[in-house]
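Participant: Sequence:
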Amino acid sequence: MNTTKNFIALPGTDKQLTLLLDTINVSGLSILVMGSGSERVSEKFGAEAGRSIELIVEDLDSLLIANMLLDKNKNINIKMMVLDSTDYVDNSFDLIYAQASVSSLKRKIIIMEIKRILKNDGYFCVGEITKLKRDVPTFIENVFSSSELDPLFTEDLTEYYRQRGFKIIYQQDLSDTLREYYGYNLIMLNDEKILLREREKKYFKKLLNKISHESNVYLKQGGDRFVGFKTLLLRKENG
169 MNTTKNFIAL PGTDKQLTLL LDTINVSGLS ILVMGSGSER VSEKFGAEAG
219 RSIELIVEDL DSLLIANMLL DKNKNINIKM MVLDSTDYVD NSFDLIYAQA
269 SVSSLKRKII IMEIKRILKN DGYFCVGEIT KLKRDVPTFI ENVFSSSELD
319 PLFTEDLTEY YRQRGFKIIY QQDLSDTLRE YYGYNLIMLN DEKILLRERE
369 KKYFKKLLNK ISHESNVYLK QGGDRFVGFK TLLLRKENG
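Numbering-wise (the numbering used here), the sequence shown opens with residue 169 and increments by one.
Calculated from the structure, these hints are not laboratory results.
Where is the CB? At the ideal position from N, CA and C, for every residue including glycine.
Hints may contain errors.
As the list claims (entries may be wrong) - When the alpha-carbon atoms are kept at most 20 Å apart in a straight line, the in silico SDA-like pairs for lysine to any residue are as follows: (1) Lys274 / Asp262; (2) Lys276 / Ser253; (3) Lys212 / Asn245; (4) Lys283 / Ser198; (5) Lys287 / Glu405; (6) Lys212 / Ser253; (7) Lys404 / Ile277.
Said to hold, decoys possible - Quick list of simulated restraints, FRET-style, between CB atoms: (8) Ser195 / Asp258: 34 to 40 Å; (9) Leu387 / Glu316: 19 to 25 Å; (10) Lys240 / Thr306: 43 to 49 Å; (11) Ser195 / Val250: 19 to 25 Å; (12) Asn245 / Thr306: 40 to 46 Å; (13) Asn406 / Gly351: 41 to 47 Å; (14) Val257 / Gly351: 38 to 44 Å.
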């Protein structure tokens, strides 16, 4: 179990980002990272790209914690925006990265917004929570509903993006990362020795309590049979 401060505490952990960086050279690219919990991702991109990185989150708590964690990194521009209606002009970015941040009820309009602000031939690296079976039991649907998630069946994900004008560069199932991700959450909840600054404790308690139920469902109630995670690297096609 990786509990270091550099652990990417998102579904997909460090594997989504590592796979991307092993595939394309991001040096000099204009990059947007979307979603809370993406501070370490943004730091890595800043080091690899050699230029400033845009990071957007949707709520004030996420904005505050991102500013705390990245307070010494002046190359990351942190902003609060809704993902489906950003302030960026058309064709702004060479690469947009979203790790577990678009599998929501607003997926359709978020993807439309991503297409708008992504340059032609630009890259979109996405990681999505998925259903491993088309029909999942009620207790899994309840977890999705409480988190405002709308996961697609894993076999349908590639065609979903192809129909929306993206070329598939690669796809990779990363469902094996969920056990580490949810296990990490439980450690953070139960280990009183985790060192947090006072101003961070309230935020982390709220965040971790929010996902404690999901963690227990996945690890102890058989959720691993129904919940998966897949990453894709996509390229926006002209037109």
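Participant: Identify every previously stated hint that the structure contradicts and give their numbers, smallest first.
Facilitator: As far as the earlier hints go, 1, 6, 8, 11 are violated by this structure, in ascending order.
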